[in-house]
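Undergrad: Single-letter residue listing:
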Amino acid sequence: MNLDGSSDTRSLVQTGDKRSLFETLFLPHLDAAYTLARWIVQRDQDAQDVVQEAYIRALKGFEGFHGVNARAWLLTIVRNTACTWLKQQSRFSNIVPFDETVHSLPVDAPVSEGSQEQRIQRLHEALNKLPVEFREVLLLYEIEGWSYKKIASALDLPVGTIMSRLSRARRRLQKEIAAGEDQEVRNEL
Amino acid sequence: MNCEEAGRLLDAYLDRELAGDQRLEIERHLSHCDACRSRAHETEAFRSFFRASAPRYRAPDRLRTRILTAVRSQRATPGAGRAFRRTIWLYAAAMLVVSLCLYLCLSLTVFLPDRDKPLCHAAVLDHSRSLAADHLVDVASGDRQVVKSWLGARLPFYPPVVDFPIAGYSLIGGRVVVIERRPVAVVVYRRDEEVASLFCWPVSGGTVMDRGRQIDGYRVDTWSNVECNYILISRLTEREHDALLDLLRDRLPSEIY
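Protein chains in written order, with my numbering: chain A, -13 to 175; chain B, 340 to 596.
No wet-lab data here; the hints were simulated from the structure.
Computed from a predicted model, the values in this text were never measured in an experiment.
Certain hints may be false.
Claimed, not checked - The following residues of chain B were derived to be distant from chain A, with all beta-carbon distances above 12 Å:
id	residue
1	Glu356
2	Leu363
3	Lys456
4	Phe503
5	Thr576
Said to hold, decoys possible - One side of the interface only, derived from the structure: several residues of chain A facing chain B at Cβ under 10 Å:
id	residue
6	Arg5
7	Ala19
8	Tyr20
9	Arg24
10	Gln34
11	Glu39
12	Cys69
13	Ile129
14	Arg157
Unchecked claim - If we take Cβ atoms under 10 Å as the criterion, some of the chain A residues that face chain B in the derived model are:
id	residue
15	Thr21
16	Gly50
17	Ser150
18	Gln169
Virtual Cβ for every residue (Gly too), placed ideally from N, Cα, C.
Assemble the whole structure, with the sequences as input and the hints as a guide.
TA: Right under this line is the structure:
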């Protein structure tokens, strides 16, 4: 089934059921929406709240959706909702309470002794330490496969900024991972 | 091209985001610079490692249920299928009656309670005060990025800021105000000698009605989109005000895609 396509969309529009059209278009992207929210606000419970709020906003603004790309439209709303949420949080308190879910591995990743797994774990830790501006650009480019131009327009930033953020984000991650590996070699000696 | 420039453009090159000239230049540089070439290989290897290993999450089933419940409890829509088609004439008749009533109410606005009225009066007061005190903006800039980040740094949200250099409405800056106890971003435009204020705040506390009014000789329009509520105030001519309103409604993000 082509979820962003027109034939499916049109038949549902004809039945006049806005909600089932909404569900058909947007529920398949729930994992992507949740992943984006996790990357931005990090904690599971917060990400769930953000995603729910974003879906309600999307439903309310559904009239404004012209059926070009449901996934991108939804992710833009999730991103804005998450950023508003972060701003509100930072206004109340700059101290983020320690939460295990932030520092733990994603549910699917198996914990193992192998060096590749350690490298992945190091990547995840480094990613958590990265400023949010870097994380969101990385996700939209590397995981969602958006172009620089599309990210720039969704984030309302110049293309040059996207370019330098991506490059700086990668340098930082590479450095963090290398530093972790050095530390390990030293520990073994 | 030297190593420093090449380093700056390397990621964009590997991401296939560099256009003609720059791409050729960096390719020429890479062909004779071993250090940059090995950096390119490292970056390339890191990119594929990152793509394969970056965390992706599955939404918890609980969340799926929560969203479905929330979506389905939103205001009900007419049932689907044959039943709907059978009653379509009834709906059409009902719609006709409803739209006649609406038209009547709208043309005689006195009958329709305007719940955004206090808000609009407060906004008009702020607009005219800013004109009288000759303090239109806290940040004076025609650069929408500058205005946006200045406002965003002082408010709990980032207001969308758009400009229309060719349409004759120039962005002159922004200010932060408090209207009915909520922080509001004001983006200020100028056309000839006339000034228009666009008030903007997030919809989280409820949305305003889509409606135009006249208050103290000002045109005052309220509307909202997915992200924000807006009030536009000016003493531009009818035609100019409408044109600005159309531009804003059209260009303010929320419907980027």
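Undergrad: Is the claim that Lys456 of chain B lies outside the interface with chain A correct, judged by CB distances over 12 Å?
TA: At about 23 Å from chain A, Lys456 of chain B clears the 12 Å cut-off, so the statement holds.
Undergrad: Hey, does the Ile129 of chain A contact hint survive, CB to chain B under 10 Å?
TA: holds, 6 Å
Undergrad: Gln34 of chain A was flagged as interface toward chain B. Is the shortest Cβ-Cβ separation under 10 Å?
TA: holds, 5 Å
Undergrad: Per the stated criterion, does the least C-beta distance between Phe503 of chain B and chain A lie above 12 Å, as a non-interface residue requires?
TA: About 16 Å separates Phe503 of chain B from the closest Cβ of chain A, which puts it past 12 Å; holds.
Undergrad: Does the CB of Tyr20 of chain A sit less than 10 Å away from some CB of chain B?
TA: holds, 4 Å
Undergrad: Can Gln169 of chain A be said to touch chain B, with a Cβ gap under 10 Å?
TA: violated, 19 Å
Undergrad: Holds or violated: is the Cβ of Thr576 of chain B farther than 12 Å from all Cβ atoms of chain A?
TA: Thr576 of chain B clear of chain A: closest Cβ-Cβ about 28 Å, beyond 12 Å.
Undergrad: Verify that the Cβ of Leu363 of chain B lies farther than 12 Å from every Cβ atom of chain A, and report whether the claim holds or is violated.
TA: holds, 18 Å
Undergrad: Answer holds if the nearest beta-carbon of chain B is closer than 10 Å to that of Ser150 of chain A; otherwise answer violated.
TA: At about 8 Å, which falls below the 10 Å cut-off, the nearest Cβ of chain B leaves the hint on Ser150 of chain A intact, so it holds.
Undergrad: Given a cut of 10 Å on the nearest C-beta pair, is the interface hint for Thr21 of chain A held or broken against chain B?
TA: With a closest approach of 5 Å, the Thr21 of chain A hint holds.
Undergrad: Was the hint right that Arg24 of chain A lines chain B, CB cutoff 10 Å?
TA: Where the cut-off is 10 Å and the nearest Cβ of chain B is about 5 Å from Arg24 of chain A, the hint holds.
Undergrad: For the hint on Glu39 of chain A, does the least C-beta distance to chain B fall short of 10 Å?
TA: At 8 Å from the nearest chain B Cβ, Glu39 of chain A passes the 10 Å test, so the hint holds.
Comparing the model with each numbered hint stated earlier shows that hints 1, 18 do not hold.
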